[in-house]
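Following the hints, put chain B in place on chain A, whose structure we already have.
Top line first, the protein sequences correspond to chains A and B. Note that the working numbering gives residue 609 to position 71 of the first sequence, counting from 1, and the numbers run on in steps of one. Note that the working numbering gives residue 461 to position 268 of the second sequence, counting from 1, and the numbers run on in steps of one.
Please note that the accuracy of each hint is not assured.
[To be verified] From the derived model, a few chain A residues whose C-beta atoms are all more than 12 Å from chain B:
1) D547
2) D554
3) G555
4) D600
5) V609
6) P621
[Said to hold, decoys possible] Taking lysine-lysine and the DSS-like style, the derived pairs with C-alpha atoms no more than 30 Å apart in a straight line are:
7) A/K550 - B/K227
8) B/K436 - B/K410
9) B/K255 - A/K543
10) B/K239 - A/K618
11) B/K227 - A/K591
12) B/K227 - A/K556
None of these hints come from the bench; they were simulated from the model. C-beta: ideal position from N, C-alpha, C; glycine also.
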Amino acid sequence: MGKTKIKIDYKKCGPDGKMDPRECRKCLNVCDPAVFLMHPTLEEHPDPYNPEKWVVTPVWPDVCTSCGKCVSSCPVEAIKVSPGESLYKMRMHG
Amino acid sequence: MNARNYSYELADEYNMKEYLEEQWKNMETLFIRKIMGFSSIGLGYKMQMPLIGRFLRSNAEKMIHSEKPGRNPVRADGHFGQVIPLEDAQHILGNLAAEPIIKNYCVCRWMQRGVKDAVCINFGCLSQIIPKLTRYIPVDEKWQLDREEAIAALETQNKKGYVASVWFQPVPYINAICSCESPECGGLRLRNDFGLRTVLKGEYLMTVNRDNCQGCKACVRMCQFGALRYLPSINKVIINHDKCFGCGVCRHACKNDALQLVPRESVPGQARNF
Numbered sequence: 539m540g541k542t543k544i545k546i547d548y549k550k551c552g553p554d555g556k557m558d559p560r561e562c563r564k565c566l567n568v569c570d571p572a573v574f575l576m577h578p579t580l581e582e583h584p585d586p587y588n589p590e591k592w593v594v595t596p597v598w599p600d601v602c603t604s605c606g607k608c609v610s611s612c613p614v615e616a617i618k619v620s621p622g623e624s625l626y627k628m629r630m631h632g
Numbered sequence: 194m195n196a197r198n199y200s201y202e203l204a205d206e207y208n209m210k211e212y213l214e215e216q217w218k219n220m221e222t223l224f225i226r227k228i229m230g231f232s233s234i235g236l237g238y239k240m241q242m243p244l245i246g247r248f249l250r251s252n253a254e255k256m257i258h259s260e261k262p263g264r265n266p267v268r269a270d271g272h273f274g275q276v277i278p279l280e281d282a283q284h285i286l287g288n289l290a291a292e293p294i295i296k297n298y299c300v301c302r303w304m305q306r307g308v309k310d311a312v313c314i315n316f317g318c319l320s321q322i323i324p325k326l327t328r329y330i331p332v333d334e335k336w337q338l339d340r341e342e343a344i345a346a347l348e349t350q351n352k353k354g355y356v357a358s359v360w361f362q363p364v365p366y367i368n369a370i371c372s373c374e375s376p377e378c379g380g381l382r383l384r385n386d387f388g389l390r391t392v393l394k395g396e397y398l399m400t401v402n403r404d405n406c407q408g409c410k411a412c413v414r415m416c417q418f419g420a421l422r423y424l425p426s427i428n429k430v431i432i433n434h435d436k437c438f439g440c441g442v443c444r445h446a447c448k449n450d451a452l453q454l455v456p457r458e459s460v461p462g463q464a465r466n467f
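Extracted from the complex, chain A is given alone in its bound form (with noise of 0.2 Å):
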């Protein structure tokens, strides 16, 4: 079992799809391990103490359980998972 993938389609949710992650937070909320991150894109902000341009990532995927609420909770489809191994039964089952 290889890890656990998350893909995020930012052409659904982020600046430049119909979604502002700052408005919908429901991956957010809805993943109890919280493999999600909301933050300023990398480029430069007009504003840099006032960052209008926000994206999810999905930046801790070791401690996804695959559970698939953030799929079914995505009200613009912009979540996949493929699900893998997690860190926790890398280290206890492995």
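For chain B alone, coordinates are given in the frame of chain A:
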């Protein structure tokens, strides 16, 4: 509890104002930035790799505890904390914290849980910078606090189940007392899931007095670290000292005076297990 670590004198010496402004402007991007070719995305997996994993782990530890000149604010070098019980945190707010004192939305909870929760108490040089980042300033809530208000706010948060922690940013300058929740606290994530020493355990440990424990289980739901468990066979709560951070939060739920904090050194196997 060294007063100098809280002082403006120290902040000026290290040029903290510019450093912290840069760190806080970029705080939410800390985990996605590439540092020496690697970002923290999938850090747990990366650190499982045979050689590269060890290299990454040792470099991450060096960054977290860095006291070297030329520290980089966007990497939050030298930014780590320690869990403390409510009494110690209140002592800091009452006596050591440099004014002004503010409470602002927790950056971790916003970026990892999507919740705005005004529980981070910041002071000294840092509390002059955070108001420039309006997304962290509470709406419809008093956020500029005097010492008594800060002490009371912390007590409310601690009794809710949040863990008090004191933070260097960067070491040795102390300017924050957070009320953390696991797993979305960035520090506790790295410590509890990846074994990096971003948050040190407290100077104390919790003990359960078997005679007083009535087996009501109320304390079990308070623990952010999964250190408490109820055993039906003996109708008592047991504690895993390896997991206990000595935060003292479970005490708030005990009506039978069965939970007591003891100095970490008094438990033989835990003496230096920070």
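Results for each hint:
{"no.": "1", "hint": "D547", "result": "holds, 17 Å"}
{"no.": "2", "hint": "D554", "result": "holds, 17 Å"}
{"no.": "3", "hint": "G555", "result": "holds, 17 Å"}
{"no.": "4", "hint": "D600", "result": "violated, 3 Å"}
{"no.": "5", "hint": "V609", "result": "holds, 17 Å"}
{"no.": "6", "hint": "P621", "result": "holds, 14 Å"}
{"no.": "7", "hint": "A/K550 - B/K227", "result": "holds, 25 Å"}
{"no.": "8", "hint": "B/K436 - B/K410", "result": "holds, 18 Å"}
{"no.": "9", "hint": "B/K255 - A/K543", "result": "holds, 29 Å"}
{"no.": "10", "hint": "B/K239 - A/K618", "result": "holds, 21 Å"}
{"no.": "11", "hint": "B/K227 - A/K591", "result": "holds, 19 Å"}
{"no.": "12", "hint": "B/K227 - A/K556", "result": "holds, 28 Å"}
In this structure, only the earlier hint numbered 4 is contradicted, and the remaining ones agree with it.
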